[in-house]
Amino acid sequence: MAELLQLTVTGITVGMVYGLIALGFALIWKSSSVANLALGELVLISSWFTYGMLVQAKFPYWLAFPVVILFALALGWLAERLVLRPLIAQPILSLITATLGLAYFLRGIVTFIWPWSVDALPRLFPIEPVRIGPAVVSQEYIWAAVISLILFGLLTAFFRYHKMGIAMRATSDDQLAVQACGIPVTSIFSTSWMFACVVAAIGGILMSSIGGITFGLVETGLKSFSVVILGGLESFIGCIVAGPIIGLAENIGGGYLTPILWAGVKDIVPFVIIIIVLFIRPYGIFGEERIERI
Amino acid sequence: MTLPCGTPNYAYNQDMAIIRTKFHWGLFFILLVFLATFPLYGNNYWLGVSNLIGITLIAAIGLNILTGYCGQLSIGHAGFIAVGAYTSAILTGKLGLPFLVGMLCAGIVAGVIGLIFGIPSLKVKGFYLAISTIAAQFIIIWVINHWSEVTGGFMGISAPFASIAGFAFRSQASQFYLILTIAGLCVFFTKNLARTRVGRAFVAIRDNDLAAEVMGVNLFYYKLLAFFVGCFLAGIAGSLLAHWTGSISTENFTLMDSILYIGMIIIGGLGTALGPILGVVFIRLLEQGVTLLSPALQFAFPTLPSGFTTGIAPMLFGLVIILFLVFEPRGIAHRWAIFKAAYRLWPFSY
Chain Y
1 MAELLQLTVT
11 GITVGMVYGL
21 IALGFALIWK
31 SSSVANLALG
41 ELVLISSWFT
51 YGMLVQAKFP
61 YWLAFPVVIL
71 FALALGWLAE
81 RLVLRPLIAQ
91 PILSLITATL
101 GLAYFLRGIV
111 TFIWPWSVDA
121 LPRLFPIEPV
131 RIGPAVVSQE
141 YIWAAVISLI
151 LFGLLTAFFR
161 YHKMGIAMRA
171 TSDDQLAVQA
181 CGIPVTSIFS
191 TSWMFACVVA
201 AIGGILMSSI
211 GGITFGLVET
221 GLKSFSVVIL
231 GGLESFIGCI
241 VAGPIIGLAE
251 NIGGGYLTPI
261 LWAGVKDIVP
271 FVIIIIVLFI
281 RPYGIFGEER
291 IERI
Chain B
1 MTLPCGTPNY
11 AYNQDMAIIR
21 TKFHWGLFFI
31 LLVFLATFPL
41 YGNNYWLGVS
51 NLIGITLIAA
61 IGLNILTGYC
71 GQLSIGHAGF
81 IAVGAYTSAI
91 LTGKLGLPFL
101 VGMLCAGIVA
111 GVIGLIFGIP
121 SLKVKGFYLA
131 ISTIAAQFII
141 IWVINHWSEV
151 TGGFMGISAP
161 FASIAGFAFR
171 SQASQFYLIL
181 TIAGLCVFFT
191 KNLARTRVGR
201 AFVAIRDNDL
211 AAEVMGVNLF
221 YYKLLAFFVG
231 CFLAGIAGSL
241 LAHWTGSIST
251 ENFTLMDSIL
261 YIGMIIIGGL
271 GTALGPILGV
281 VFIRLLEQGV
291 TLLSPALQFA
301 FPTLPSGFTT
311 GIAPMLFGLV
321 IILFLVFEPR
331 GIAHRWAIFK
341 AAYRLWPFSY
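Protein chains in written order, with the numbering used here: chain Y, 1 to 294; chain B, 1 to 350.
No lab work stands behind these hints, which were simulated from the structure alone. C-beta atoms are modelled at their ideal positions from N, C-alpha and C, and glycine is treated no differently. Any given hint could be a false lead.
[Unchecked claim] Partial selection, computed: residues in chain B whose CB lies under 8 Å from chain Y:
id : residue
1  : LEU73
2  : LEU95
3  : PRO98
4  : LYS123
5  : ILE131
6  : TRP142
7  : HIS146
8  : VAL150
9  : PHE154
10 : ILE312
11 : PRO329
12 : ILE332
[Unchecked claim] Simulated crosslink set (DSBU-like; lysine-lysine; CA at most 30 Å straight-line):
id : chain 1 : residue 1 : chain 2 : residue 2
13 : B       : LYS125    : Y       : LYS266
14 : Y       : LYS30     : B       : LYS123
15 : Y       : LYS266    : B       : LYS191
[Stated by the list, open to error] Far from chain Y, by Cβ distances over 12 Å, these chain B residues were calculated:
id : residue
16 : LYS22
17 : PHE29
18 : PHE38
19 : SER174
20 : LYS191
21 : ARG197
22 : PHE220
23 : SER249
24 : LEU270
25 : ARG284
26 : ILE322
Using the sequences plus the hints, can you model the full thing?
The structure is reproduced here in structure tokens:
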């Protein structure tokens, strides 16, 4: 029982972070219909940058985190401006491959600057574990869940009430109409990329405070695709609901299947879910089925 | 038409011929002689490089059929190559079957696995298909890593040298001829595939699958056929890779390799017979250039960070993929076509 509760709590909290990273994907997909497969590398490089700021440059926390956010904003702007902007209105195959090229490039930069490829962030949260009933959970997980929830709330409010957020939602609906109303579509695209990078950076910091900085972070980014697929591409609610589901499936499935199958089932559960969802309900729980016309 | 001026076609089979003029035949003959005598003046190192190019070419041709002709994006190609490599290594190494049987089985098993992961392509496309093939990549590699009784797990597995009718391909030179023959057959196969009913159906599906279905193309059959053929060639390439290197592990088949394969066919030119050749040669030679030059650069400029030698290759590959997509999305093959047209009409460019 204690084991189940333990797995449940870890699953939900980690799933929140997956959901948060997936939100970064949904942001870009909604506004510009670009599938950003470089998500994992964005998570990786911003975690390493945080490491660089905190450990190598020895910045205090209050200075390091704003610098990281600025870095993420700049990264998003550059990626959109230099890679995706010239490819507007290209077929989806080119767009996907361009983000894959970006992923390759970012990974190269990471190995270039931080060749040892495994390290840990300094402790960000207090060390004492929290007891929830019989389960013992370290504070990183709780903080990750809380911060993710706060960001979900902020972003939802932003999309509902802020002018820019409304413009972004309008862009996702009909780009031509938005352009005709005088909203600069290109600046919407760069804003969505900047937002997505910030979200990925925060997700990366949370994940690496739990598990250290490794190339596993790229896999975290890829795992959040299963959140997107399960929740539905067009849906923010989908990310918030599907994130914890994936986290739960991963942890509980990993916990109980390991004795039956091989060790490390945990890593593969999200990918199996992707295949199952694509077989059964390819547009996800909250996604809208696209009706195609010739 | 890309034929020189004044080349008349009096019969349909002349119209369809791949090599038309005497000059083309001459060039083709020179190419054949060059390839056949290459082991005489290429040293072992460059023979190794060209063997790698040949193997990669077979896999890239498979991906080109799947992505370039049929338009189904696959980011799990390295996974399918791994299936072929392991099948062949297990069949020949552990069960002692002949190499040709192992290679054929490798192709068939990889093709069937490709079919399974290709089934979602009937319902979804674009990003969804990309994700399902990424999932395929991870699931395949995970299974290989953990099913250690059969595959050797993380340790990898060794494969004997290829041998046909008692002749073992031990040296780089003999393997060069084996790989060259199969790669040549594959090039010939795709060149002709594109001109058949099947190839035209693939192109119709790529351009608009809904319209193709309305025109009477059986989507179920042709999409899965594309997956089977593409992954079959991946399996053949995997088998050759296993018998060429002698030992394989999952390190050889990462997601990054899958991305690189897509990069190769995009750089070469999607949906052309020439494209994969140009793209594979370009990327593999770039790789060799980086491997040869970067230690020297590191030595000459000690201020470079220590990750320079390992980091520069992925950076360059990513950059090259992005630059090609932005500036020449139709690849080197298109540039080559432009060049050919220009020199054919020279000096009267109209």
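The hints, checked one at a time:
no. : hint                : result
1   : LEU73               : holds (6 Å)
2   : LEU95               : violated (23 Å)
3   : PRO98               : violated (32 Å)
4   : LYS123              : holds (5 Å)
5   : ILE131              : holds (5 Å)
6   : TRP142              : holds (5 Å)
7   : HIS146              : holds (4 Å)
8   : VAL150              : violated (12 Å)
9   : PHE154              : violated (11 Å)
10  : ILE312              : holds (7 Å)
11  : PRO329              : holds (6 Å)
12  : ILE332              : violated (16 Å)
13  : B:LYS125 / Y:LYS266 : holds (27 Å)
14  : Y:LYS30 / B:LYS123  : holds (21 Å)
15  : Y:LYS266 / B:LYS191 : violated (44 Å)
16  : LYS22               : holds (40 Å)
17  : PHE29               : holds (37 Å)
18  : PHE38               : holds (31 Å)
19  : SER174              : holds (35 Å)
20  : LYS191              : holds (22 Å)
21  : ARG197              : holds (22 Å)
22  : PHE220              : holds (15 Å)
23  : SER249              : holds (16 Å)
24  : LEU270              : violated (8 Å)
25  : ARG284              : holds (16 Å)
26  : ILE322              : violated (4 Å)
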